[in-house]
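Going down the list, the sequences are from chains A and B. Sequential numbering of the first sequence, starting at 1, is according to the numbering used here. Sequential numbering of the second sequence, starting at 1, is according to the numbering used here.
Each hint should be verified, as a subset may be incorrect.
[To be verified] Computed Cβ-Cβ distance ranges for the label pairs, DEER-style:
hint	chain 1	residue 1	chain 2	residue 2	range
1	A	A25	B	P118	17 to 25 Å
2	A	G310	B	S73	22 to 30 Å
3	B	P206	A	L227	22 to 30 Å
4	B	G82	A	G117	45 to 53 Å
5	A	L227	B	R320	22 to 30 Å
6	A	E223	B	P118	22 to 30 Å
7	A	V116	B	S79	55 to 63 Å
8	B	W158	A	V99	45 to 53 Å
9	B	L229	A	E124	38 to 46 Å
10	B	G28	A	Q309	52 to 60 Å
[Unchecked claim] In silico contact screen, one side only, chain A against chain B (beta carbon under 8 Å); selected entries:
hint	residue
11	Y59
12	L61
13	R69
14	T72
15	F119
16	G120
17	E124
18	P163
19	S180
20	I181
21	E223
22	L227
23	W244
24	G282
Treat the hints as calculated values from the structure; they're not laboratory data. This one's a predicted model, so the numbers in the text were calculated from it and none came from an experiment. The beta carbon of each residue, even a glycine, is placed where N, CA and C say it ideally should be.
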Amino acid sequence: MTALTIERDIQARRLPARAPWLVGAGALAVSLAVGSLGSGPSVPAVVALAVVLYAVTLYVLSRAVEGPRRATDRLAGIAVTSAFGLAMIPLVSLVWIVVSRGLRLFSISFLSTDMVGIFGEMTEGGAVHAIVGTLLVTGAAALISIPVGLFTAIYLVEYGRGPLARAITFLVDVMTGIPSIVAGLFAFALFTLIFGPAYRAGIMGAVALAVLMTPVVIRSVEEMLRLVPNELREAAYALGVPKWLTIVKVVLRTAAAGIVTGIMLAVARVIGETAPLLITVGQLNQMNWDLFDGRMMTLPVFAYRQYAQGGVGIDRAWAAALTLILIVMALNLLARLISRYFAPKAR
Amino acid sequence: MTVGTPPAPVAAAGPRAADRRTGSRVWGGRVFAGLSYGSGILILLVLAAVAVFLVVQALPALTADPTELEQISWFRAESLLGYVGPLVFGTVLAALLALAMAVPVSIGIALFISHYAPRRLAQGLGYLVDLLAAIPSVVYGLWGALWLIGVLDPVMTWLSSTLGFIPIFAGYQAPAKNVLTAAVVLAVMILPIITAVAREVFLQTPRLHEEAALALGATRWEMIRTAVLPFGRSGVISAAMLGLGRALGETMAVLMVLSPGLLFSFFLLKPGQHQTIAANIAAQFPEAAGLSVSVLIATGLALFVITFVVNFVARAIVARRKDFSGAN
Chain A
1 MTALTIERDI
11 QARRLPARAP
21 WLVGAGALAV
31 SLAVGSLGSG
41 PSVPAVVALA
51 VVLYAVTLYV
61 LSRAVEGPRR
71 ATDRLAGIAV
81 TSAFGLAMIP
91 LVSLVWIVVS
101 RGLRLFSISF
111 LSTDMVGIFG
121 EMTEGGAVHA
131 IVGTLLVTGA
141 AALISIPVGL
151 FTAIYLVEYG
161 RGPLARAITF
171 LVDVMTGIPS
181 IVAGLFAFAL
191 FTLIFGPAYR
201 AGIMGAVALA
211 VLMTPVVIRS
221 VEEMLRLVPN
231 ELREAAYALG
241 VPKWLTIVKV
251 VLRTAAAGIV
261 TGIMLAVARV
271 IGETAPLLIT
281 VGQLNQMNWD
291 LFDGRMMTLP
301 VFAYRQYAQG
311 GVGIDRAWAA
321 ALTLILIVMA
331 LNLLARLISR
341 YFAPKAR
Chain B
1 MTVGTPPAPV
11 AAAGPRAADR
21 RTGSRVWGGR
31 VFAGLSYGSG
41 ILILLVLAAV
51 AVFLVVQALP
61 ALTADPTELE
71 QISWFRAESL
81 LGYVGPLVFG
91 TVLAALLALA
101 MAVPVSIGIA
111 LFISHYAPRR
121 LAQGLGYLVD
131 LLAAIPSVVY
141 GLWGALWLIG
151 VLDPVMTWLS
161 STLGFIPIFA
171 GYQAPAKNVL
181 TAAVVLAVMI
191 LPIITAVARE
201 VFLQTPRLHE
211 EAALALGATR
221 WEMIRTAVLP
231 FGRSGVISAA
241 MLGLGRALGE
251 TMAVLMVLSP
261 GLLFSFFLLK
271 PGQHQTIAAN
281 IAAQFPEAAG
291 LSVSVLIATG
301 LALFVITFVV
311 NFVARAIVAR
321 RKDFSGAN
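Please work from the sequences and hints to get the whole structure.
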């Protein structure tokens, strides 16, 4: 029976449906065997060999039975799928290594102590000053860029016409590409011109982050506002509601969930910025609650400094990286949840 | 977006009340419109201010005498241009290498999500790739410096011993703190943005083009080659340029992975040959003062100009494409 179907498939110039599976199993077996012959099988080498073997064998088989066009089609399918697999390697390995190494020093005391009096190979000490610094600086950046971004988006969607609006749209896009270090240099240059070269404060970092964050906020809010149906606006106007009240009470309220999501994603994006903070806010071993006076530690800079210091610092750097990723992922998750549960229903 | 001016309020509640109401309405509207307009202008001003402040701060270095510049401890060049040159070279080299690795993979991922993956899984898989964009750069730096270097070591040893006769692969030295490793980290970091833009473009391919190709008997790959890729070409180019812009300006990953050097060198596997502008600023800035700050800001200005041009061109391609895509 099965021999008959295979016969029929081959006469119809098609590979049987289970051929890819069989070839795959064969390729894996062969590469495992080759791997164990060599100097200890390493997982990536075995997988790479298996993929190559699979692609070559299937191509040759398919070319013999189905002809070159179908063979190329199969090869393209394998290439495209392995491109996706390739991209998963960094993601999986990164998450794995951050979690496994980060957990070595990650604890309640890591989250609740600072680095005062910590030296040498002491494993005590923690990042609470860095966490507070990150939250303060990012919060201040959000305070600057949310109103500016919100109003700019409103301008672009509700008021803007003609060349000015087009220019702003275009330059906002270009602004999303400003390197973070250039934003840091800008904040540094701005504050040195006003307060002199020795001035260092959290607000400098906040301004740098705001430069990076505002275009992202504008972009996402603009997209959300454009999704609001025009009928809602027209209905409000027909009732005699002035334009600005329509925007506040109808447009913004309809788009609220999307706007909050966009803003949170923007915050998540800048909260991990390191370079601009490294050159403006600097570093400190203890808590500093004052945004306008003196250096501050932030979580990304803390991770970098601990890494540069080496020794037990590297464990601390991983723990800080874990903390940072947890914060970023929490923001991302919250943003998705808000957009899922609070978005206006279509019908 | 055809929104007319709101109709005049009905004056039913007596003339005075109506007056007061219109008054507050007009003011509210004016303040609100003014705020919106002002924010739009502010964005333009900030962008201009970035350029102006960088120029002002870089001016002392641009006009300084070479003998003054030589006072700076890390300044080993004839002139400012001689110092910026290798940095620009290193920046562009690392970014282009990253781009060469990231673009084919990104196109593959984008095609996988748009045309190969099961419809129900596609969105979730796309979200997985987007997660790569959410990871902070300093974490990429740690990953690159403490994990990737070890993983790439056998690969690069093999590359250097078998292909070492080609000059660019010659002379590998053990910790893989070379420009190729930095480029691999950069490639991973720019994957998500290139993939996201390419995916959007591929999804916009007119259904009829695809179905026409399939109806003529094309296989899936032939359909993609004849309908999807030509349609998405300009989109992919601009996506690549956006990725290039990101790679040019990325700081931490390069700073933590690359062992720096200031040479015009094509030895991709040798440490201590290259450095990028951004990483150089981050490395030198905390200890810099006076004229050396100016020199670093001058290099930052060069980076700003390069990335601005790259992003400008990329966005211009996207914008032009938007005008024409309706015709398809």
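**OP:** Hints the structure violates: just list their numbers, smallest first.
**Re:** Result: hints 7, 8, 9, 11, 12, 15, 16, 17, 18, 21 and 22 break, sorted rising.
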